[in-house]
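S.K.: Here are the chains, one letter per residue:
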Amino acid sequence: MNRALGYLWLALLKRRALHFLRGLRRPTTLLGFAALAFFLSWMFCLRREEVFGQLVRPASLVGGAMLMLGGSLFKGFLQRGLVFEPADVDFLFTSPFTQRQIVFYRLLPGYLFAVGQGLVFFAFFVSHLKTPIQTSVCLMLFQIVCFHLAAGAAIFAGSISEPLHHRIRWMMLGVYFVVAALYLRTAWDLKLIPAFVSSPLSQVFFYPAVTLSDIGAAPSISEWTLRLVKSSSFSTNHVLQPAFYLSVFAAGAMASLWLLLRFRGSIFETAVATTTRMAEKRLRLQEGRRITIAVDNPSRSAALPKASLFHGVGAIVWKNLVVASRSKRELVLGLVFTLIYTGFLFALRWLLHHQMALGGELPAREVRDFDRALAGLLCFLPFLLQRALSFDFRRDGQHLVGFRTLPVSSFALVLAELAVPIGLCLAFQAFGILVLMACARYEWSMLLLVLLGFPAVALALNGVWNLHYLLAASKRAGGKIESTSPVGILIVVALSFLVFFPAGWAALQVGRNLNWRFSELLAIAVWLAVQYLVDFLLLLALTKFFQRFEVSRDAC
Amino acid sequence: MPATVLTSPSAAPAPTSLVAKLLNVLVSPGGVFDEVLDAPIKMANWRVPTLLVGLAGIFLLQIVGAGEHGSAVIPLLTGPWPAFASEAGLLAGGWPLVSSVVVCLAAFTGTLWSAFVLWFIGRIFLKVRFSFLKTLEIVGLSGTVLALGSLVTILLIAASGDAAARPSLSLLAGKLVPAHPVRQVLETLNLFHLWSAMVLAIGLSRLSGVSFKEAAFWVFGYWVLVRLALIILA
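Top to bottom, those sequences are chains A and B. 1 is the number of the first residue of the first sequence in my numbering; add one for each residue after it. 1 is the number of the first residue of the second sequence in my numbering; add one for each residue after it.
In case anyone wonders, no lab produced these hints; they're calculated from the structure. This structure is a prediction, so every number in the text was calculated from the model and none was measured.
Listed next, the stretches of chain A that the computed footprint assigns to chain B, with coverage defined by at least 3 CB atoms under 8 Å from CB atoms of chain B: (1) 160 to 174; (2) 179 to 187; (3) 207 to 215; (4) 219 to 226.
We put the beta carbon where it would ideally sit given N, CA and C, even for glycine.
All chains, full assembly: derive it from the sequences and hints.
M.R.: Rendered as structure tokens:
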């Protein structure tokens, strides 16, 4: 190892760590990090549970080792060459370092990861291992071996031709499949292969490496012969019927293919247009704009509203309503989501009703709790509707700076922006409740809870998604390329759940600690209060980021 | 077998008859396959050997059936006495015909299937295009090994008096019942099965233009390893 490269790596590591720490000033990064830390802490608290013991069973460890080994080998092989940072290519490859030194430099982050992984493993599984230190060190070393193999596979794959790479890739997949099936059978007793595949008749699939007499003397042939000579008639109904169905569908497939191939018309122009359209879509997605490309359809102008509700900042609400009324595809999509989800809940309730009609008994209190749970599950509906009903900041990316010039407060504008999607979410949820009420009974207190609770949930979810959008938009305006990466979406999804944690935790604490007649009611009240407080904080954060957006734009 | 004629390296080998091909494939499969690949498609190259395999299979089946079918299978199917005699009689009358038809069908189906497997391996895994009919010819000619294997099995049965005797490692496991997985695994390691796989590997190598080692990976992987894995896992 060259000392200069070691110094470079340490310096870059320090810089990345500082960059990461500075990044924690961004709320979404901080919250994402907090969510991860919370998850790990929660896992740490549960480390003495039996399930952790199952994870370090010899069978589990062998499976994990095989996964690590096979995965790293395959990943390295797919890379076809070591991956470096562009700056590394410019600097290292032109510097007087040997190839070994550069490869070792490339492996250093892997070594650090292996050490971290060993420490985490030790922390989580120390209580379930006989020799925890030895096992953790072995895991660390095994991970290092995997990195070496991955690097070796990457270098080797880069040196071979593309056809050979393709062929070896398939070979590896084939071997992995057989090894995985053998492992599942021996370690977990999972039978992926049905018993009939080892029957003599199935040996015909391995012709000519077969003994034909084994096929002819198969018990099923004898059985069939006996049935044939007993009935003195040759019945192939059980064979012909499936064959008939198969032949009908095969004929259908062939006929449709024949028709397709006879279709006269140039496919190339349409293909070029489609390809261009897809490329444009991809670009729009990367830039955080709408995927659907606006077409010049002659939409009629909407009349100016007369109601005072739509004056002032209410004009934003009116504008978003107009957008929503013109986005029929999104509304239909939202309706379909709602119908599927509500249909699922309704089916659950109907199943309970059906079982009770058949004689099943359930106390009235449990039936009521079941109905409440179904209503509670409707809270998840806004989560499903987020991408469809984005009639808020997410549609106004190009006008955000213009909105800042309006003579209204930022807080009021944020509220106005969120009003339409929240209203639509509530409308769909109300539809769901009405459907559920066809077979479930809800007392007035439950309806009141729904009336108060659903807006809090919808507000929180829409707040989180708009917060993410504003952060991404301000970054883009500041000249930083920010695409809607899967990690970003994952953080938003995690936040969408995390935002309900404080209210849920507070309600649980109150419910558990207060052994009182109205403790349930009080817990619900606490949940509502805390949730609305969180919503309010979210609105404030949105307001803050909306104001910052202008600054970012000016800085650009 | 015709005598070898010395020619200059650039001259194409003289075309041989089908009988010569069937015999040469046992000793020099690569040369036969080269000749087949250079020549136009000839359907007899796979139909005749497959028919031969079917006939050899039927012959073997009658030998095997006379020994083991009546003693082992019939009681399982017909149940205890008194139904035994009548149903055994029925079975003994119909079984040879049905099983012979099945063997012939298996030979032709197996040839088509194996050709498809080889063609699929080449098309998908090796990324090489070659004619399915040529593959069919090569698989058909490879069946000669199977026909020879049937004859050797007949001789082995006649010599040992055991209808379950096969030219494989199962000879070492005489006490195990045929359905036992260990016996099935040992039977998979049949000399003629391995020979067939080797010939198929040579065929795939010639068809696709890849090295023999690479072709052998796929052929032995499917015809030997997958088969063993299925027996063990099922």
